[in-house]
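Enquirer: Sequence:
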Amino acid sequence: MDPSVRSRRPLPAALVLVLSAVLALLVAPAGAAHAYDTSASACALQGTTGYTDEGQQTDHTRFQDPLGTKHIGLIYVDFPDAAGTALPLTSYYDTLKGAEDWMRNASYGRTALDIQVPYANWVRMPKASTDYAWERGFSWTTHQVYVEDALTAAANAGVDLSQYDMFYVVPTATATAIGHSPTFIQDPAAPTWVWNPRTGSWVLIHWAVTFGQDMWTWGYKVADHETSHTFGLPDLYAFSGDLNRYVGGWDVMGDISGPAPLYFGWEAWKFGWITDSQVSCLDTANTYTTTLTGLEYGGTGYRLAVIRTSATTAYVAESRKAAYNDSNACATGVVIYKVDTSATTGNGPIQLVTNPDAAAPTGSCTALDMQTWQPGQWFQDDSAQVRIYVSASDASTDTVWTYKW
487 MDPSVRSRRP LPAALVLVLS AVLALLVAPA GAAHAYDTSA SACALQGTTG
537 YTDEGQQTDH TRFQDPLGTK HIGLIYVDFP DAAGTALPLT SYYDTLKGAE
587 DWMRNASYGR TALDIQVPYA NWVRMPKAST DYAWERGFSW TTHQVYVEDA
637 LTAAANAGVD LSQYDMFYVV PTATATAIGH SPTFIQDPAA PTWVWNPRTG
687 SWVLIHWAVT FGQDMWTWGY KVADHETSHT FGLPDLYAFS GDLNRYVGGW
737 DVMGDISGPA PLYFGWEAWK FGWITDSQVS CLDTANTYTT TLTGLEYGGT
787 GYRLAVIRTS ATTAYVAESR KAAYNDSNAC ATGVVIYKVD TSATTGNGPI
837 QLVTNPDAAA PTGSCTALDM QTWQPGQWFQ DDSAQVRIYV SASDASTDTV
887 WTYKW
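In short: position in the sequence shown from 1, add 486, done, that's the working numbering.
Careful: at least some of the hints might be erroneous.
What the hints assert, rightly or not - Simulated pairs of lysine to aspartate or glutamate, EDC-like, Cα-Cα distance not exceeding 20 Å: (1) 613 to 586; (2) 613 to 551; (3) 707 to 586; (4) 707 to 587; (5) 613 to 587; (6) 613 to 580; (7) 583 to 728; (8) 890 to 769; (9) 707 to 721; (10) 707 to 634; (11) 583 to 635; (12) 583 to 567; (13) 707 to 868; (14) 890 to 868.
Keep in mind the hints are simulated off the structure, nothing from the lab. This one's a predicted model, so the numbers in the text were calculated from it and none came from an experiment.
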C-alpha cells in the first residue's frame, strides 16, 4: 500500500504513557480554522466574524466558489492626469499571467484562472487618479465608485461585461496615486450595476481586483493573493506591528513574496481542493498516527492532521516539501499551526507554532521561515490537552502522532 494513504490507527496505551512522561510543555499563539462547504468532519470549524475568516462555511451570496474556471476580464485604465503608456501593453499582462499556473498548481488543477484581455488599449477614467482617494482603509463605497467607473469605460469601449466572472483593473504605470491593490467584493445590500451596451442590459458586478503600482513589486502572486479574498480568505499578515509575525513566509495570504507561499492545507480544505477523507480529525480523547503526503503534491492520501480544541480553534499539522509552488522553501518537514475561526482578517486567524529546536535561518530566510518539526520532536499544549509528535519523514511524506486527552 502507498504509505501516503496508510490508515490512521491508535497507538499502544503503554507507549502513550511513556511519551506523556517525557514530553515538555510548549504553548502556541492563537490562530485560525477552515474546511469546505459540504464538509461533514467534526474538525470543520465554523467562522464567526461574518466576513473573510478561516471558518468552514463560505457565504456564496458574497464570495465566489473557488472550484472550476474563473473567467477574468483584464481592463487597462488611464486617467486625465496620468495618460497611458505606449502600446503594446504586454508588459502589464506578462506581469500577471503567471497567476494562472500558480493557482492551477496550488489547487491540484481544481481552480483555473482564465485571464483574458478583451480590449488591448487604455480606457479613460472620468476623474483624475488623485480624485479617487486611493489610500489603505478607504471605504467600500469609494472603491465601488472606482470599479463602476472603470467597467463603465470598458463597456463603452465595446467590452461585453457579461462574459466574465470577475475583473482585473490595471492602471497605467504613470498613475502613481494608485498605489496598492485592494480587492472589491460585492455587497448584496448595495449591488453594483453597470450598463452593458453589448447586450443592452445591466450587468451585476460581483468581484474585481483593482491593482496598484505595488503589482510591479509583488509580481503575479499578488493576483493569486487578491483573488483568494473573493473566495473568502482573510489576510494572514498582521495589520499592525511586525507584518509577518503570524505565519512568516508560509502562505501567500501572509507574505506574497515568501519562500514557501503555498496556501496552508486548512485553506485548501476550505476551498474543496482536499476532501474530508484526506483529513485525520481528532476531536475526542484518543491517539492517532497519520502519514501525511507533502501538501505540494497531488493525488490521494492524508494531507492534514487536525486536533479540534474548541468550537472555533484547532491545531493542525501538515507536511511541507521544497517542490512546485514551494520550491524555494527555507525548511521542510512538519508545519504546525493553530487556527482560530473567530479571529478577524489581519489579526492572526492562523498562527505558526514555533519550534525551539528549529534550524537557524540562513540567507534571506527568517526565523519563522524555518519553523518545521523533525522526527523525534514534539509540541504539547497542556491547557488544551493535546500533543503532536513527529515520528518519521522521507522525501515526500511525514508521519505524525496526534494525542488528545
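Enquirer: Now tell me, hint by hint, if it's right for this structure.
Expert: Quick rundown of the hints versus the structure:
1. 613 to 586: This hinted pair is violated, its Cα atoms lying about 32 Å apart.
2. 613 to 551: violated (33 Å)
3. 707 to 586: Status holds; Cα separation ~9 Å.
4. 707 to 587: holds (10 Å)
5. 613 to 587: violated (35 Å)
6. 613 to 580: Violated, because 27 Å separates the two Cα atoms, which is more than 20 Å.
7. 583 to 728: violated (30 Å)
8. 890 to 769: Cα-Cα ~8 Å, so holds.
9. 707 to 721: holds (14 Å)
10. 707 to 634: The hint is violated at about 25 Å.
11. 583 to 635: Outside the cut-off at roughly 24 Å; violated.
12. 583 to 567: violated (28 Å)
13. 707 to 868: This hinted pair is violated, its Cα atoms lying about 39 Å apart.
14. 890 to 868: Holds, at about 10 Å.
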